[in-house]
Amino acid sequence: MAKTEDSEKKKLRTSSLRAYTMIGALVVIWLFFHWQTGSIFLTPRNLSNLMLQTSVTGIIAVGMLMVIVSGNIDLSVGSLLALAGGTAALCLTVLGLGLIPSVLAAIAVGVAIGFFQGFLTAYASIPAFIVTLGGLLAWRGAIKGISKSETISVSDPAFKAIGQSYLAPMGGWILAVAAIVLILFLAYRSVQNQKMYGEGDTSFGSEMAKALLPIAGVIAFIYVMNAYAGIPIPVLIFLAVAFFGFFITNNTTFGRYIYAIGGNAEAARLSGINNRAVVMKVFAILGAFTGIAAVIYTARVAAASPDAGTLLELDAIAACVIGGTSLMGGRGTVFGACLGALIMASLDNGMSLLNYADFTQELIKGTILVAAVGLDMIGRK
Amino acid sequence: MTPLLEMKDITKEFPGVKALDEVNLDLHEGEFHALVGENGAGKSTLMKVLSGVYPYGNYKGDILINGEIQKFQTIREAENAGIAIIFQELSLVKELTIAENIFLGREPSNLGVINWHKMYQDAAKLLKDLNLDINPSTEVGDLGIGQQQLVEIAKALSQDAKLLVLDEPTAALTESEVETLFEILRKLKDRGVGMIYISHKLDEVFEMSDRITVLRDGQTVGTHHAAELDKDKVISLMVGREVGDIFPEVSHEFGEVAMEVRNLTAFEPDHPDKKLVDNVSFKVRKGEVLGIAGLMGAGRSELLATIFGAWRGNHSGEVYVEGKKVDIRSPKDAIDVGIGFVTEDRKRYGLILDQTILDNSTLAGLKDISGRFLTSRPKELSATTEVMEKLNVKAPSAMTETGTLSGGNQQKVVIGKWLLTNPKILFLDEPTRGIDVGAKQEIYAEINLLAEEGLAIVMVSSELPEVLGVSDRILVLHEGRATGEFSKEEATPENVMAAATG
Chain W
1 MAKTEDSEKK KLRTSSLRAY TMIGALVVIW LFFHWQTGSI FLTPRNLSNL MLQTSVTGII
61 AVGMLMVIVS GNIDLSVGSL LALAGGTAAL CLTVLGLGLI PSVLAAIAVG VAIGFFQGFL
121 TAYASIPAFI VTLGGLLAWR GAIKGISKSE TISVSDPAFK AIGQSYLAPM GGWILAVAAI
181 VLILFLAYRS VQNQKMYGEG DTSFGSEMAK ALLPIAGVIA FIYVMNAYAG IPIPVLIFLA
241 VAFFGFFITN NTTFGRYIYA IGGNAEAARL SGINNRAVVM KVFAILGAFT GIAAVIYTAR
301 VAAASPDAGT LLELDAIAAC VIGGTSLMGG RGTVFGACLG ALIMASLDNG MSLLNYADFT
361 QELIKGTILV AAVGLDMIGR K
Chain E
1 MTPLLEMKDI TKEFPGVKAL DEVNLDLHEG EFHALVGENG AGKSTLMKVL SGVYPYGNYK
61 GDILINGEIQ KFQTIREAEN AGIAIIFQEL SLVKELTIAE NIFLGREPSN LGVINWHKMY
121 QDAAKLLKDL NLDINPSTEV GDLGIGQQQL VEIAKALSQD AKLLVLDEPT AALTESEVET
181 LFEILRKLKD RGVGMIYISH KLDEVFEMSD RITVLRDGQT VGTHHAAELD KDKVISLMVG
241 REVGDIFPEV SHEFGEVAME VRNLTAFEPD HPDKKLVDNV SFKVRKGEVL GIAGLMGAGR
301 SELLATIFGA WRGNHSGEVY VEGKKVDIRS PKDAIDVGIG FVTEDRKRYG LILDQTILDN
361 STLAGLKDIS GRFLTSRPKE LSATTEVMEK LNVKAPSAMT ETGTLSGGNQ QKVVIGKWLL
421 TNPKILFLDE PTRGIDVGAK QEIYAEINLL AEEGLAIVMV SSELPEVLGV SDRILVLHEG
481 RATGEFSKEE ATPENVMAAA TG
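Respectively, the protein sequence lines represent chains W and E. So the first sequence is residues 1 to 381, counted in this note's numbering. So the second sequence is residues 1 to 502, counted in this note's numbering.
If you are wondering where the hints come from, they were derived from the structure by calculation, not from laboratory data. Take the hints with a grain of salt, since some may be wrong.
[To be verified] Dumping the calculated DSS-like pairs for lysine-lysine here, alpha-carbon to alpha-carbon at most 25 Å:
| # | chain 1 | residue 1 | chain 2 | residue 2 |
| --- | --- | --- | --- | --- |
| 1 | E | LYS18 | E | LYS347 |
| 2 | W | LYS210 | W | LYS195 |
| 3 | W | LYS281 | E | LYS332 |
| 4 | E | LYS347 | W | LYS195 |
| 5 | W | LYS195 | E | LYS94 |
| 6 | E | LYS379 | W | LYS195 |
| 7 | E | LYS201 | E | LYS275 |
| 8 | E | LYS128 | E | LYS94 |
| 9 | E | LYS162 | E | LYS324 |
| 10 | E | LYS367 | W | LYS281 |
| 11 | E | LYS8 | E | LYS162 |
| 12 | E | LYS125 | E | LYS60 |
| 13 | E | LYS394 | E | LYS347 |
| 14 | W | LYS160 | W | LYS144 |
| 15 | E | LYS187 | E | LYS201 |
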C-alpha cells in the first residue's frame, strides 16, 4: 500500500512538473533570443508578431490534439488549409459572394472533408495515416486544379481585416477583466467543491494564491499587446478556439469519450461508447478549425496561394508532441498543444530575427523536437 | 533407468499467490504423459517453468534432464536442451512459408546469405517424415489450424526435440485432424520422444496416455498409470476439495424473470462456419445468481458478449428483458435496456489503466451521472465516492490512476463502473481471476448483496468451487452447447465437471 502511495505522489509530481518544465523551457528560449538579438525579441512589436505567427498553427494544433488523443493522426491539414483558403478567395473574387458566405464556405469545406476522412477512418477502417496521406496529396491537387496553380489575390477590406487588424486597447482591457472574473470564479468553485467532497485540505487562501499566476499572465499579456497595437484579431480567434477546445476536452461527455477511446478503445466500446461516431466528429472538428485557420492565413497575406500551408501538418503535430501529447492516444492537453505551438513559433521567429539560414533553422527545429520527446521519455521512467 | 525429465519439488510464487507448491513430475523416453487439472490448477505455470519462460532462480526446486540439473535462463536454452512446447496459441508467422517458419532464426546460411535450396529440401524431408503432403513453400496463413499445428511439430522436430509439450493441441481441430495428429504422436513415441500432454478432453487423454498426473490448486494430487484410472476417478481427483466457507451461505428470494435468452447461436468471426455458441437458451430471475460453467473454449464469454451486442461475428437468437423482446445491436443498446457487463481480463477490456478511478467508474454511465452533454466534476466525484465506499475500494483517492491499484481493487472499480449504469441484469465474466483470496471473498459477498437487492446476475467462471459456491443455478456449456443445468442442491463438482467434459 505504501508503495502505491509513493508512486502516486511521484506521478502527480511529474504531471504538474511537465507543465512547469514547458513554461520554463519557453522562458529560457525567449531570454536566449532576447540576449542574442540585442533586446529585440521581447519588445511589444515582436511579441505581437510572435502571437500572430502562433495563431494559425495553434488553431490547427488544438484540433490536431483531439485527433491524436483519439488515437489517430491527420496529415492533410496543410493541403486542406490551401483548399479552404482558395475556396474563400474564389467565393470573394470570382463568385463575388460577400464576406460571411465566403468565410462560411471555407469552414464548410473543412468540415465536409473532415467528416469524409473521419468516415473513411472510423467506418471503412482505413488507417487514419493512409486516409490523410491520400488527403495531403489529393487536396493539394484539387486547389492547384481549381486555381490553375495561380495565386488568387483578395482585396476585400473586411476580409483582410480578419487577418490584419487589431482589437482596440479598451477592448483588450474589457477582455482582461472578464478573464480575471472567470479565473476567480473557477477558483472559488473549486474550493466549494473540495469543501463539499472533502478532497484534500486546500484552504480558500491557497486556492486564490494559485489563481494569482494566471491573473498576472492575463494582465501582462494585454499590457504587452496594447503597448503595440492591441490584440491582433487572429490571436483573438486563436484564444477563442483554444478556450473552446479546452472546454470540449475538460467539460463535455464527448471530450471524455475522446480520451477513453485513445486510452483503451475496446474498453470504451464495451462501455457503450460509439467509438466510430466520436472519431468521425473529432476529424470534423479539426476540419472546421482548419477552415478557420485558412481564412486567417488568406486574410493575413491578402492572397490564396496553392502552396499555402505546406508542411503545416508537421508543425501542428510537433506542437502537440512537444506539449506532451502521446501519439499512442489517450494523453495530452489543449494547454500543452498551445504552449507547444508557441514554442515552435518562438523558434521560427527568433531564428529569423537572427538571420539563421533556412537549413540551420530546420536542423535546429528537428533536433529540438526529438530532444524534447526524448527527455520526456527519460522523465517518465 | 534415469528418466528423461524430472521436475522435483517445483514451487513458484506470484505476489500473494502460490501458483505451484512442491510439484513433482517425471517423464521417460517414449512416454506419453497427460497433465490434467482444472483451469488455474497450475498446468501452464509448470510448463512455463520447464520451458525457461520463468528463468532459473525465479522458482524453487530442480529440473533434471537425463539426471543433470538444468538452469535455464531463456527459452532458447530450454530449446537447446531438447524441450519444445507447442502452445495453444500457435507461434507461427502467418505471412511466411512453412519452410521459413520451421527454420526461423536458424536459417541454413553462409556468411548471412540464406541457402534457400537446402532450407526447402530439409523442410520437405521433415514434412515427409510426418506423412504431411504439403508443399513447404506454402504460406502458413493458407493452412488450416490442424496443419499449422503439425508445422509447429515439424519445427520442434527440426530442433531435435526429445521432449515435446502439447498444450490443448486439439482444441481447434476437427476429428479427422485429431486422428492425423495422434498418428504422428504415436510415431514420435516409437522414436523415443517423451511427451507431456495437457488436455481437458479426458477421452483423448485415456486414448493416448501411459500415465496421468493430476494437479489441483498448484499441488500434485497424484501420478497414476492410465490403466489404474477411469474418467470418473480423474474427475474426482481434479475437483476433490472442500468448498471452504469463503462463500456466503444464503438462499435468495427470486422475483420475476429478468432476462430470457432463446436459441442463441454465435459464429466465429474468422470462420463463419464454426459455431462457438450453439443454440443456447436460458432464463435468469431477479435476485438470482446464474452460474455458467464450462472449460476453456466452451463458448461462455462469447455467449455473454453476443447478448451484450459486442460480438463481431454472425449470430442469431432472441433476448427478452422483463418479458419484452429487445433488439440489442451494440453495447449502448444493452446498457439502455439495463444490462451491465463486467468483462473478463480487466486490463484489456475493462479499464483505461492510465486514467483515474473517477474517469473509469463513470465512463459507462456518464450521461446519466453528469448530464447529456456536459460533465460535472462534483456529481461524478460523489457517484464515484459512493460506489468506492459500497465496494470497499482501497485507494488514496478517487483521483488515483487505476494502473497503480491491486487486482482486487481494479476489479471492484470495473464492477463499480457497471453499478453506476443502474443495471437490472449484471454479467460477470471471470470476476475473481488473478486476485487474492481476501478480495475474492469481498467480491462474493458483494455479488450476494446485489442479488439480495434484486439484481439478476449471470456469472461465468472457470473456477468450479466458485461457481458452486456462489450460484443459485448452474448452466454448463460444452463446445458451445448447453450440456447440463443444475440447481444449487443438485450440483456437485462431479456432475458439473462431467457435463463440462461432454
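Quick rundown of the hints versus the structure:
1. E:LYS18 x E:LYS347: 22 Å, holds
2. W:LYS210 x W:LYS195: 17 Å, holds
3. W:LYS281 x E:LYS332: Since the Cα atoms of W:LYS281 and E:LYS332 sit roughly 18 Å apart, the hinted pair holds (cutoff 25 Å).
4. E:LYS347 x W:LYS195: Between E:LYS347 and W:LYS195 the Cα gap is close to 33 Å, so the pair fails against 25 Å, i.e. violated.
5. W:LYS195 x E:LYS94: Not OK: W:LYS195 and E:LYS94 at ~59 Å, beyond 25 Å, violated.
6. E:LYS379 x W:LYS195: Holds. E:LYS379 to W:LYS195 sits at ~14 Å (cutoff 25 Å).
7. E:LYS201 x E:LYS275: Status holds; Cα separation ~19 Å.
8. E:LYS128 x E:LYS94: Given pair E:LYS128, E:LYS94 holds - Cα atoms ~21 Å apart, limit 25 Å.
9. E:LYS162 x E:LYS324: Not satisfied, since the Cα-Cα distance of roughly 60 Å exceeds 25 Å.
10. E:LYS367 x W:LYS281: 18 Å, holds
11. E:LYS8 x E:LYS162: Status holds; Cα separation ~19 Å.
12. E:LYS125 x E:LYS60: This hinted pair is violated, its Cα atoms lying about 41 Å apart.
13. E:LYS394 x E:LYS347: 18 Å, holds
14. W:LYS160 x W:LYS144: 22 Å, holds
15. E:LYS187 x E:LYS201: Distance of about 21 Å is within 25 Å: holds.
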